[in-house]
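Colleague: Chains as they are written, first to last, in the numbering used here: chain A, 1 to 291; chain B, 1 to 291; chain C, 1 to 565; chain D, 1 to 565.
Please keep in mind that the hints were generated in silico from the structure rather than gathered at the bench. Incorrect hints may have been included.
[Unchecked claim] Listed below are the simulated DSSO-like cross-link pairs for lysine-lysine, each with C-alpha atoms no more than 27 Å apart in a straight line:
hint: 1; chain 1: A; residue 1: 145; chain 2: B; residue 2: 257
hint: 2; chain 1: D; residue 1: 457; chain 2: A; residue 2: 15
hint: 3; chain 1: A; residue 1: 145; chain 2: C; residue 2: 234
hint: 4; chain 1: D; residue 1: 153; chain 2: B; residue 2: 145
hint: 5; chain 1: D; residue 1: 442; chain 2: D; residue 2: 397
hint: 6; chain 1: D; residue 1: 457; chain 2: B; residue 2: 145
hint: 7; chain 1: A; residue 1: 15; chain 2: D; residue 2: 153
hint: 8; chain 1: C; residue 1: 153; chain 2: C; residue 2: 60
hint: 9; chain 1: C; residue 1: 460; chain 2: B; residue 2: 15
hint: 10; chain 1: B; residue 1: 257; chain 2: A; residue 2: 258
hint: 11; chain 1: D; residue 1: 412; chain 2: D; residue 2: 381
hint: 12; chain 1: B; residue 1: 258; chain 2: A; residue 2: 145
hint: 13; chain 1: B; residue 1: 15; chain 2: C; residue 2: 394
hint: 14; chain 1: C; residue 1: 153; chain 2: C; residue 2: 193
hint: 15; chain 1: B; residue 1: 224; chain 2: B; residue 2: 257
hint: 16; chain 1: D; residue 1: 394; chain 2: A; residue 2: 15
hint: 17; chain 1: D; residue 1: 234; chain 2: C; residue 2: 522
hint: 18; chain 1: C; residue 1: 234; chain 2: B; residue 2: 258
hint: 19; chain 1: D; residue 1: 60; chain 2: D; residue 2: 234
hint: 20; chain 1: C; residue 1: 154; chain 2: A; residue 2: 145
hint: 21; chain 1: B; residue 1: 145; chain 2: D; residue 2: 234
hint: 22; chain 1: A; residue 1: 145; chain 2: C; residue 2: 153
hint: 23; chain 1: C; residue 1: 193; chain 2: C; residue 2: 442
hint: 24; chain 1: C; residue 1: 153; chain 2: B; residue 2: 15
hint: 25; chain 1: D; residue 1: 381; chain 2: D; residue 2: 397
hint: 26; chain 1: D; residue 1: 412; chain 2: D; residue 2: 397
hint: 27; chain 1: C; residue 1: 457; chain 2: C; residue 2: 193
hint: 28; chain 1: D; residue 1: 154; chain 2: D; residue 2: 234
hint: 29; chain 1: C; residue 1: 460; chain 2: C; residue 2: 522
hint: 30; chain 1: D; residue 1: 397; chain 2: C; residue 2: 394
hint: 31; chain 1: D; residue 1: 154; chain 2: C; residue 2: 522
hint: 32; chain 1: C; residue 1: 397; chain 2: C; residue 2: 460
hint: 33; chain 1: A; residue 1: 257; chain 2: B; residue 2: 224
hint: 34; chain 1: A; residue 1: 258; chain 2: D; residue 2: 60
hint: 35; chain 1: D; residue 1: 153; chain 2: C; residue 2: 522
hint: 36; chain 1: C; residue 1: 442; chain 2: D; residue 2: 522
hint: 37; chain 1: D; residue 1: 193; chain 2: D; residue 2: 78
hint: 38; chain 1: C; residue 1: 397; chain 2: D; residue 2: 442
None of the values given here were measured: they were computed from a predicted structure.
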Amino acid sequence: MDHGIYGGVIVVAEKFDTGRRPVWCPGCGNFGILVALRRALARLGLEPEEVVLVTGIGCHGRMSGYVRANTFHTIHGRVLPLATGIKLANPSLTVIGHSGDGDAYAIGLGHLPHAARRNIDVTLIVHDNMVFGLTTGQATPTTPKGRITRSTPYGNPEEPLNPLFLALASGATFVARGFSGDIAHLEELIVRAIRHEGFSFLDVIQPCATFFNIYREVRRRVYKLEDEGHDTRSLEAAIRKSLETERIPIGVFFETKKPPFRENFPHAMSPPPGQRVPRSVDLSHVWSRYR
Amino acid sequence: MDHGIYGGVIVVAEKFDTGRRPVWCPGCGNFGILVALRRALARLGLEPEEVVLVTGIGCHGRMSGYVRANTFHTIHGRVLPLATGIKLANPSLTVIGHSGDGDAYAIGLGHLPHAARRNIDVTLIVHDNMVFGLTTGQATPTTPKGRITRSTPYGNPEEPLNPLFLALASGATFVARGFSGDIAHLEELIVRAIRHEGFSFLDVIQPCATFFNIYREVRRRVYKLEDEGHDTRSLEAAIRKSLETERIPIGVFFETKKPPFRENFPHAMSPPPGQRVPRSVDLSHVWSRYR
Amino acid sequence: MSGREEFTFLVGGPAGAGVFRSGLVAAKTLFRHGYYVHGDNEYPSIIRGGHQWMMVKAAKREVYAHGEEVDAVLALDKETVARHRGRVREVIVADESVARGLEGVVAAPLMRSVREVGAPSVAVNMAGLGFVLGLYRGDVGRLEAVIRDVFSKKREVAEVNARVARRAYEYAAEAAGELALEPLSIGEPPRGKIVIDGNSAVALGALAGGLSFYAAYPMTPASPILHLLAELQKEYGLVVVQPESEIAAINMVTGAAYAGARAMTATSGGGFSLMTEALGQAAMTETPVVIVEAMRAGPSTGLPTYTSQADLRFVIHASQGEFPRFVLAPGDPYEAYMAGFDALNLAWKYQVPVIVLTDKYLAEGYWTVDEPPRLEPSEGKVIRGEYRGEEPYKRYKITPDGVSPMAIPGTKGALVTANSSEHGEDGYGSTDPEVVTAMQDKRFRKLSGMIEEANGKGVKTYGGGPLAVVTWGSTKNAVLEATRDMYGVRVVQVLYLSPFPSERLSRELEGADRVLVVEANKTGQLASLLREHLLLEPDGFLGKYDGRPFTPEEVEEWITGFMEG
Amino acid sequence: MSGREEFTFLVGGPAGAGVFRSGLVAAKTLFRHGYYVHGDNEYPSIIRGGHQWMMVKAAKREVYAHGEEVDAVLALDKETVARHRGRVREVIVADESVARGLEGVVAAPLMRSVREVGAPSVAVNMAGLGFVLGLYRGDVGRLEAVIRDVFSKKREVAEVNARVARRAYEYAAEAAGELALEPLSIGEPPRGKIVIDGNSAVALGALAGGLSFYAAYPMTPASPILHLLAELQKEYGLVVVQPESEIAAINMVTGAAYAGARAMTATSGGGFSLMTEALGQAAMTETPVVIVEAMRAGPSTGLPTYTSQADLRFVIHASQGEFPRFVLAPGDPYEAYMAGFDALNLAWKYQVPVIVLTDKYLAEGYWTVDEPPRLEPSEGKVIRGEYRGEEPYKRYKITPDGVSPMAIPGTKGALVTANSSEHGEDGYGSTDPEVVTAMQDKRFRKLSGMIEEANGKGVKTYGGGPLAVVTWGSTKNAVLEATRDMYGVRVVQVLYLSPFPSERLSRELEGADRVLVVEANKTGQLASLLREHLLLEPDGFLGKYDGRPFTPEEVEEWITGFMEG
Ligand SMILES: Cc1ncc(C[n+]2csc(CCOP(=O)(O)OP(=O)(O)O)c2C)c(N)n1
Ligand SMILES: Cc1ncc(C[n+]2csc(CCOP(=O)(O)OP(=O)(O)O)c2C)c(N)n1
Ligand code: SF4
Ligand code: SF4
Ligand SMILES: [Mg+2]
Ligand SMILES: [Mg+2]
C-alpha cells in the first residue's frame, strides 16, 4: 500500500532499511530523521535484532515501517511506558522511542517527567513538527501562539510548551535538540543519545511540509551549541539555552551521569525477565506464611 | 459516618465550615490546610456560593466534605481539567483545586503543564505528603529516594520529582510552596494564589502523621523566602530556590502577569456558557453552506 | 426536467490532490441540478500520496447508498484507472498525460485548461469536473457557482478554479458529441433539502440543543466536528477547546456541565476508551454529558480511516459499576442532527451521560436530507439564580422519577456538591448500606422514563412484510437501498440501543416470520442484543468487518437467499 | 479432639487500632486449633477512626461464608458494641474502660495486661485475643506462636505482644469459669490446608505461572498484590514497578510481554477503565497480558472498600473493536491461585489478553483451602535464541489455530514487528479489505480453542437436583453455605465468563426444572449472559448492590421461596 512519493535524496544505512517506500509527503522532515537514525544505528555497530523501535501514532509513527529492527507501533501517547517495559524486561536491547509533539507532549505528556526522573535507559526522539500531522493539521502543545490551524481558525490561544525546559526540570540526564534539516548533525546527536546510559531526550525540529512548513525560518535561526562553547554539564546554562527565542540552538544542552533505572533490579537480571523460559516454581517457602 | 478524631486546635472561619468532623488521622497535615483555606476564603470576602472546590481522590480529597462551598469530588487525577471546564463555563466562580502528590504528580501529571501554560485562572493546592495516604502508604513521585514504603519494601528506587521546578518550566504564572504546619503563612499564600489572575500553583508540605511523619524535620529545615529578600519576579531566582535541598524555602517563588485563558473567549462570555438558559437557535445561516 | 434519472460519479487520485473537494463540488453541483445525492469517500491514513476516492451518486429519488458500479470516473492518476476500471459503466476521464497509453480512457485537456487560464496545477481536478460535466451536458454555471461557494474564503482562488472548470467544460463539447452519453437533467435543487455529512449534522443538532461548550481531542473520523464548531464559535458564542487528551476533554466537559453549560465532546473508539472512567463519573455525579463516538475499524488503532459498527457493546457497558445511559445511533445526517439535539436534551432531562454512536461512513458521508427544523431545547430540572426551597438544597434529593433538581454553582442559597464516591442526598460520602441501595435505586429509577423515550423514538420501520431485516446506524442505508424494490420485506432500524427499546422492537417485529440482522461487525452485536433482550435468535446474520460499508448488492443478494429459502 | 464444632468471632474498632491484624491472628490461631476458618473484613476508606471489623468463622468442616450471627465479639471501642450487639450469641468482651456503663459486656483487664507487661497501648487488641481465647479455653501457646509469626519482622514487638496475650489469657480464667462457654477443640490444623486471601492467592498463582514482571498502580482492593510481589521480588527474581498511572502500568506490562516476560498488572474498575485502550492494543498486537480486576462497588469512585460484581459486562466488552479475550472469575483463593496460573498460561498459549476478575470480598477475605500444587507452566509457541525458519519471520503468520509463532526481540534471524494498526502477516500496516478480513478471522480463529478451554474448566457443579442456582465469583461462597443442607439443589458456578462456556453450562443445567441466578449486582449481568448465550430466561434473580457480600441467610431464604412455590 506504499503509494507515497519518495522525497529528498537519501543515502541509507541499508542494514536498517526495510526497503519500503515511505508515504510521507514530499519534503517532510521525517525523511531526515529516518536517514539520521539508520546511519546512527549503523555507526553504533548494532544489529537490527538488538534494536527495538517503539513508535507512537502520527506521521512519525510510520518510522516503524521503514527501519529494519524490532518494532512496536503502539497506541497514541504511550511510547515511554511501552519502551520502559521492554527495557526492564530485557536490558540488552537498545530501545529507542519515536514520538510526535502531539504524541509526547499532548496525550502522552504524563509519562515524560517520570521516564526522566527514573532515568530509564531509553532514547526518546520527538519528531516535533509543531502540529498534529496525521490528523490533518490541528494545534499541538508546541504550536506557536496565534497560529491558525484547523482547530484554531482564529489563532492558537495557547502559550506553547518548552519541551527542553520541561525535560531539564524533570531530571532528564541527557537533553538535546536536533533539526531534521541537518542530517549529519542529527546523526551525531542520535549516536550520543543512544550511547548515553540513562534517559536521553532528543527533541527534533521536523518541519511538516504540508501543514507547517518552516524550513526556511528554522534554517535562518538555527545554530549549533557546540559552535559557541556551551558547557553541557551546567544545568543552569542548559536552562538558559532552552529559553532562547530569537535564535534556535541545536545540539546537546545537558548531560550528566546517574545510575539507570534497571540497576534497581539486580535480583531479576540473570537472566532478565524477557529471557526466561517459564519454569515450575517452588512456593513451599511462601505457603508457610499462610498457616 | 464521621467517626474521626479531631486533631489540633482549630479556629474556623465558620462561614466555610460544613460542621462535619474531619476523619483524618490525629495530627494530619490536612487540618492545617483546611483551616488556612477557610480563613483565606473568609478574608477574601467570598460567599460560599461563589466558590467551587474541586478535590481529587486521596485523603486530601475529603476537603470537599469540610468546606462549605460548591464542591466537586472528582476521580483520581482529574482536578485540573475539571476545574478548567468549570472556570471556562463560568468565570465568575472562584475555582480552587485540591489535589495530592499522587493525584497531581502521578496519575494526573499530564494535566499540570497544560493548565500552567494555558494560564487558566484556577488555584491548584497540592497536599504534598510524599505518600499515597488513602491507599495506605505507597511511594509517590515526591517520596524521597530510598524510603521504605508498602510498595517499596527495599527502598524507593526512584529519584523524586521537583514539582516547583516543573511548574516553573511549564510556564506557571504563580508558583509557591507552603507548609501545613504554618497556618498563618499558608493562609497568606492561599489568599495571594486566589487573587492572582491566572494559574496559581501551590505545593503544600503536608506531613502524613500515619505513613510519613516529617513534621519535626520540616520544621527544622523550613524558612520563609520573604525573610531572605527573594525576588518573585525573577524566574532564575525561583529556579535556584526550587533546587535548594538542605533548607526548605516556603513562600512565593515566582509571580508574573499574563492574560488568563478565558480572555480567548470574549465571544462566549455574555452570558458565559454556564449561565445560559438553552434557547432555540437560528441555524438558517449555516444551512446555506449545505446546498 | 428531462435527462437521466441516475448518475454515479467517482473521482480518485493521490492524497493531497483535492479528491474530496472535487467530490463535494460534484455532489453539490448535481444537487443543484435537481438530484438527490449521496457521497462517500475512502482514503488511507496518509497525508500525501495514498490512493483516495470519493463517489457521488445522484438520482431523482432518495439515494441511500452506493452500488458497486459507477457511470463516470475522473482519474487524477493512473492508479485510479487501474483500481476502478472494472466498475465503470460509461466513461473514464483523465488528463492527457495520465491517459497516455491507457485504453478506454478519454484523454482530456485538463492540464491544458489549467495552463491556459494560468491557474496552479492543483486546479486540474476542477478542470476534470468541468470536462465531465461537459460530457453529460450539465449546467456549467451551476458548477461555477458551487466552486465559488466552496472556495468562498479565497475569492481569487475561487475565480481561477471556476474559469478552469468552464474552459474544460468547453473542451468537452466535441467528445460529448461523439460519446453521446445520456445527459444530466437540469432542474432545481430538491425543495427544502440540504446535502450534509453526519459530522456536521450532529454538531449542528447539538448547537440546536443549546451547546455552549465543546472540548475535543482530534481523532479520525470525529475531528471535523471540532473543526466546524471551532469555526462557528464566534457566530454562536461557544467555548471551543482542544485539550491535551481525551481524558482532559471529557473532564472539562463534565466540569462545564456541572457549572451549567450544555457541553459535549467527540472522539472515536480509542479516545472513548480513555473516557470510560469519566463516563462513570458523569453517571455517579449525575452530570449531563454528551459524547459522540464515531466508530472506525478496530481493534486498537485499527484502520483509522475506515468504518465499522463494532463498538456497540463497548459503549453500552463501558465503565465500572452499573448506571443508566442513553446510546443513540443515528443512521443518516437528518437523524444525526436529531440525535445531537436529543442527546443534550435527554442528558439534561435525566442527568445522565448520553452517547451518540456514529461511524466513519455516516460521519464523513454526505446525504441529501430535509433541512432540519428549528427546535426548542428544554432546560430540564435546573435551578438558576436563586434557590428558594424550604429545606437546604440537596443535590441528590431522592425523587419519584429519580431526577433531582440540579442547581448550578453560583445559585444563591444553594451549594452544589457533586461526588464521584457514593453519597447521600446531600452529596456527602456514605457507605451506609441503605443509603447506598437507595442511591443506586434512585439513579436507576430514571430508567423507566428513559425506556419510554427509547420505546417512543428508538425504532423505525420501513415498509412491511413477513421478512424483517433489523439493522442500525449507517448500515440502514445499504439495507434500504437493497430492499427498495423488494416485496414482503420490512426494514427495522434500531436508533436507541440503550436503554434497549425491547417493547417497541417486539411490536415492530410482530408478524415477522423471519428476522435477519445486518450490521458492520463480525460477532453480531445487535444480534446479541436481540438475544439478550428479546430472547430472539435471529434467523440470519450478515456481518462485515473489512472497514468498508455494505454495498446494496451484497445485502440484496444475501436477503434474496432467505426469500428463496 | 472434642470441643465445639463451630465458633464465630468478630473483632471491631476504629481504623488504625489493628483490627485486621487481630482478626488474622484469630483466624490463624483457630486454624491451628484444627478448624477450617474464613475471615472477612469491612472498613470505610479512612485511615484512622472509621469503624472497622473483621469476622472469623471457624468450623470442623469447610466454611464458605459468614452468617449474620457471631458467638463472641471483641470490642476495641464502644461503637463496636453498639453496632454488633444485636448479632452476638454468646459474649462481648471489651476493656474495662470501654465496657464501663455498658450492659452485657464483659469488662476485661485488657489495658491492665498491657500495662503490666509494659507494652505500648496498641497491644490491647492482642490482650483481647488472649482474653477471648481464655474464655473459650483455647491453647494460648498456639496464639503466642501465631503472634510471633505475624510480627516476625519485629522480634521484640512480637515478644511483647505474645506476653500481653498470655497475661490476658490468664486473667480470663475466672470469667471463663463463670460463663462456662462451650470450649474450643484443640487439634491439629487441617492437613494440607492453608489460610489465604484471594489477593495473595492470585499473585502466587501468577508466580507459579512464570510471572517475572509486575507493574501496578495502587488501587483498593488490588493493592495488596503489589505489596506482596514487591516483597517477594528478591526471592523470586521479579521486576516490580509502581508506575505513574494505570495507563503506564498496562503499557509497561505490554512492553515487557512483547520483550518476552510473563507480565501482569492488577487494579480495580477505575484503573481498568484507564487500561481499556491498551487492552485493545494487547489484542491487536497479540501480546499476552494479564490484568487482575478486583471489583469494588461503583459506579466511579463508588465505595472503594466494599465489594461488588458489577463490572462483568464491562470487562467482557471493554475496548473498541472485537477480539477474543479470556475472563476468568475465581470464587475462592484456591481458584484464584489456579486462575493466576492459568491466566499466564492461557495468555501465552493464545497470545490474547486475559482478565482475572475478582472482587473485594474474595481479594481481602481469607479462606481455608488446599495448599495449591506445584504446577508446570508451559511456554506456548515462543521462539527464543535463534529463528531458523525457511521464510523470513512473520510475527502474524496466519495459522490454522490463529496463533502465530511469537519470536522474542533479540532472537537471531527474526525481527519482531508488533502493530496496533491493522496489518498483514509481516506486521506492516494494511488496509486491504482482504487482508483486514483475514487478520480478523485469524485472531478469531483462536476462539475455538478458547471455547474448548472454557467448556473444559469454566463451569463447576456442586450437588444435584432439579433446582439450579447459577452464580459466579465470590458469591458462590454464600450460595454454597446457604445450600449446604438443602435437598434437590444444584449450585452451578461459572468460572469462565469469556468466552462463555455455553455448551458446558447447558449440559450442567440439563434436567433442571428451575434456574435461579444469584450475583452481587443490580441488573443481573450473569443472568443477561444466560439470556444472550443460552436464550434462557432465569426463573429468578437475586441481586445485591450495597457493597456487602451476600449472607447465607438471605440466599437461603430466597431460594427456599422457590422450593415452596
Ligand atoms: C487515543 C487517541 N486519540 C487520538 C488519536 C488520533 N490521532 C492520531 S495521530 C494524532 C496526532 C499526532 O500528532 P503528532 O504526535 O504530533 O504526530 P505527527 O502526525 O505530527 O507526526 C492523533 C490525535 C488516536 N489515534 N488515539
Ligand atoms: C484511577 C484510580 N486509580 C487508583 C485509585 C486508588 N487511589 C485512591 S487514593 C490514591 C492515592 C492518593 O494519593 P495522594 O493523591 O497523594 O493523596 P493522599 O491520600 O496522600 O492525600 C489512589 C492511588 C483510584 N481511586 N482511581
Ligand atoms: S503531514 Fe507533515 S509530518 Fe505528516 S508526512 Fe506530511 S509533511 Fe510529514
Ligand atoms: S493517612 Fe496521612 S494524609 Fe491520610 S489522613 Fe492519615 S495522616 Fe492524613
Ligand atoms: Mg506532530
Ligand atoms: Mg499524598
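Colleague: Now tell me, hint by hint, if it's right for this structure.
Modeller: Status of the hints after comparison with the structure:
{"no.": "1", "hint": "145(A) <-> 257(B)", "result": "holds (17 Å)"}
{"no.": "2", "hint": "457(D) <-> 15(A)", "result": "violated (48 Å)"}
{"no.": "3", "hint": "145(A) <-> 234(C)", "result": "holds (19 Å)"}
{"no.": "4", "hint": "153(D) <-> 145(B)", "result": "holds (22 Å)"}
{"no.": "5", "hint": "442(D) <-> 397(D)", "result": "holds (9 Å)"}
{"no.": "6", "hint": "457(D) <-> 145(B)", "result": "violated (46 Å)"}
{"no.": "7", "hint": "15(A) <-> 153(D)", "result": "violated (56 Å)"}
{"no.": "8", "hint": "153(C) <-> 60(C)", "result": "violated (31 Å)"}
{"no.": "9", "hint": "460(C) <-> 15(B)", "result": "violated (56 Å)"}
{"no.": "10", "hint": "257(B) <-> 258(A)", "result": "violated (37 Å)"}
{"no.": "11", "hint": "412(D) <-> 381(D)", "result": "holds (17 Å)"}
{"no.": "12", "hint": "258(B) <-> 145(A)", "result": "holds (13 Å)"}
{"no.": "13", "hint": "15(B) <-> 394(C)", "result": "holds (18 Å)"}
{"no.": "14", "hint": "153(C) <-> 193(C)", "result": "holds (24 Å)"}
{"no.": "15", "hint": "224(B) <-> 257(B)", "result": "holds (23 Å)"}
{"no.": "16", "hint": "394(D) <-> 15(A)", "result": "holds (18 Å)"}
{"no.": "17", "hint": "234(D) <-> 522(C)", "result": "violated (46 Å)"}
{"no.": "18", "hint": "234(C) <-> 258(B)", "result": "holds (23 Å)"}
{"no.": "19", "hint": "60(D) <-> 234(D)", "result": "violated (38 Å)"}
{"no.": "20", "hint": "154(C) <-> 145(A)", "result": "holds (24 Å)"}
{"no.": "21", "hint": "145(B) <-> 234(D)", "result": "holds (19 Å)"}
{"no.": "22", "hint": "145(A) <-> 153(C)", "result": "holds (22 Å)"}
{"no.": "23", "hint": "193(C) <-> 442(C)", "result": "violated (43 Å)"}
{"no.": "24", "hint": "153(C) <-> 15(B)", "result": "violated (56 Å)"}
{"no.": "25", "hint": "381(D) <-> 397(D)", "result": "holds (12 Å)"}
{"no.": "26", "hint": "412(D) <-> 397(D)", "result": "holds (18 Å)"}
{"no.": "27", "hint": "457(C) <-> 193(C)", "result": "holds (23 Å)"}
{"no.": "28", "hint": "154(D) <-> 234(D)", "result": "holds (20 Å)"}
{"no.": "29", "hint": "460(C) <-> 522(C)", "result": "holds (24 Å)"}
{"no.": "30", "hint": "397(D) <-> 394(C)", "result": "violated (60 Å)"}
{"no.": "31", "hint": "154(D) <-> 522(C)", "result": "violated (59 Å)"}
{"no.": "32", "hint": "397(C) <-> 460(C)", "result": "violated (36 Å)"}
{"no.": "33", "hint": "257(A) <-> 224(B)", "result": "violated (33 Å)"}
{"no.": "34", "hint": "258(A) <-> 60(D)", "result": "violated (59 Å)"}
{"no.": "35", "hint": "153(D) <-> 522(C)", "result": "violated (56 Å)"}
{"no.": "36", "hint": "442(C) <-> 522(D)", "result": "holds (12 Å)"}
{"no.": "37", "hint": "193(D) <-> 78(D)", "result": "violated (36 Å)"}
{"no.": "38", "hint": "397(C) <-> 442(D)", "result": "violated (52 Å)"}
Hint compliance for this structure: hints 2, 6, 7, 8, 9, 10, 17, 19, 23, 24, 30, 31, 32, 33, 34, 35, 37, 38 are broken, all remaining hints hold.
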